[in-house]
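Those sequence lines, one after another, are chains A and B.
Using this note's numbering, the letters of the first sequence map in sequence onto residues 192 to 506.
Using this note's numbering, the letters of the second sequence map in sequence onto residues 192 to 506.
Hints in this document: simulated from the structure, not taken from any laboratory.
Just to be clear, a hint being listed does not mean it is correct.
If chains are identical, the list can't say which one is meant, so a pair holds when it fits in one copy or spans any two.
In silico lysine-lysine, DSSO-like type, Cα no more than 30 Å apart, as pairs [to be verified]:
(1) Lys480 with Lys382
(2) Lys267 with Lys357
(3) Lys267 with Lys337
(4) Lys317 with Lys480
(5) Lys297 with Lys357
(6) Lys462 with Lys288
(7) Lys297 with Lys335
Number of protein chains: 2
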Amino acid sequence: MLDCAIIGGGPAGLTAGLYTTRGGLGDVVMFEKGMPGGQITMSSEIENYPGVTGHNLSGMDLMIPWPEQCQRFGLKHEMSEVTRVSRNEDGTFVIHKSDGSTNTAKSVIVGTGSTPKRAGFIGEDKYFGRGVSTCATCDGFFYKGKEVAVIGGGDTALEEALYLAKICSKVYLIHRRDTFRSAPSTIERVKTTANIELVLNASPQEVVGDAMGVTGIRVALKDGSTRQIDVPGVFVFIGNNVNNQVLIQEDGSFLCDMNAAGEVIVDISMKTSVAGLYATGDMRIAAPKQVVSAAGDGAVAALQAIAYVDEISHH
Amino acid sequence: MLDCAIIGGGPAGLTAGLYTTRGGLGDVVMFEKGMPGGQITMSSEIENYPGVTGHNLSGMDLMIPWPEQCQRFGLKHEMSEVTRVSRNEDGTFVIHKSDGSTNTAKSVIVGTGSTPKRAGFIGEDKYFGRGVSTCATCDGFFYKGKEVAVIGGGDTALEEALYLAKICSKVYLIHRRDTFRSAPSTIERVKTTANIELVLNASPQEVVGDAMGVTGIRVALKDGSTRQIDVPGVFVFIGNNVNNQVLIQEDGSFLCDMNAAGEVIVDISMKTSVAGLYATGDMRIAAPKQVVSAAGDGAVAALQAIAYVDEISHH
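Please construct the entire structure, taking both the sequences and the accompanying hints into account.
Put into structure tokens, the structure is as follows:
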């Protein structure tokens, strides 16, 4: 029986592994089918992880020392795909893996992240990380004083457009409808922000670029015409898939309480509605989706798991 | 009028400064009367800040690159002592300084930390950071397989003793009374943990050591005798002063809701009960008191402050 099973090997999972093992839990396994590091390893540049700097530091550069540091205290990494986490009647957990095998664990820390949806236009994948982004907080500053395009019409798209408008000289907000799905006050703020231009009833067709990255986006308008907007940055916010599959039970219900967006409901210490189960990083409610925040989540969840395992072992 | 005033220059305040300025807030000042870096700069070794490693990395070593990185985007550091933050009727804030001058700000992020109480025995200050510690999560691992002493009889002392008992070969729990101020279940766990020895009715007199650090602690017992306990590590948990002075108003009330321990009540995004005011790091409820968590707090508070300032500027 594992003291703690960690599902996911991004910044949250790695930090949880560091803190659980350094805090004395003896048998801790991090289940991550690929290389540890998480979504940030796809980023070409990161400059907002405090304490780590460097010229053109990439997400991969940032994460390179983490696995060794986090495994120094006994954390094991198992390259298995976890399909489901379930709970026994006695409160222990079962980790189901794609090869059919299982592990049992006294506590579980889940940090499987989320995956931004792709819009599906030509060039989107080719230029991802080289002008196409899904995170204004992460990448907005790289377009300081420049023009950018935002694609989407929901809450996140509008909020990210407002964020970008304070950094960039101009934001083209490209939306396929002429109405937005967001709070009226947010829509009003977008409409009254001088450097946001609404490009409505417009469908992105292709991102164009050169060897240096994106140079523009071509959109199809309702009247059949097309418009080319010359920008070095295109931000896509058309939704987010929360990677919560491992929490789905055989009857289709979730192992713990979730919100309508499929994010795990946690308290300020990353406790879920189920004792001994913690959720961290981009998959939890109100996640700022930053490496430093995910790592902070992993630390606090680990401290909670240590106390929980100690508590149940005295029963 | 500042867009954002940051009070305190530890990991939380520095990260808040990085994120607010990089996110486009134009006029942000971090008020820190001393050198930035925070309480961690007093630590002789840190090995649990993910992504930063090194042989015998000190807290000071860890924090050295932060100010330059966090000020790259326009954060200003003012070496003033803030005495009080108050709020105007229009919702803006006033930063009162010890020289009598003031600043006004649209939003405020407070991260002034907390200060562990000293027990007052001989050698406590001399050996602080060289065997005397106030943080089991931070320093417990450095005594893996060794014996340590814990001083205190409250919740924190007992929880930290349980934490240390999983790492260390033995924990001497030194308490001046024969009863504990903690939850019955916690007391029961302490009493049933085989490698915790209770040293009750005992008052610490002196920590002794040599050039390498602590070698033992001498305690006075109720019967007038003394006992010398040979340990390389002494953990003091006799209480914590939350540095919440800047939130105390002229009438003695607090600017925002606090708990009974004097910690600021925040939600998962570090919002306090007052719009535009955020609390971060060790001064907030349920703080794990780790550098990475404080930095995570600073990031999320900054993102909230950016959105708040944008919102009020459209009113």
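Outcome of the hint check:
| no. | hint | verdict |
| --- | --- | --- |
| 1 | Lys480 with Lys382 | within (26 Å within a copy, 42 Å between copies) |
| 2 | Lys267 with Lys357 | between (44 Å within a copy, 19 Å between copies) |
| 3 | Lys267 with Lys337 | between (45 Å within a copy, 24 Å between copies) |
| 4 | Lys317 with Lys480 | within (23 Å within a copy, 42 Å between copies) |
| 5 | Lys297 with Lys357 | between (47 Å within a copy, 16 Å between copies) |
| 6 | Lys462 with Lys288 | within (24 Å within a copy, 39 Å between copies) |
| 7 | Lys297 with Lys335 | between (48 Å within a copy, 23 Å between copies) |
Violation of the numbered hints given earlier is absent; every hint is satisfied by the structure.
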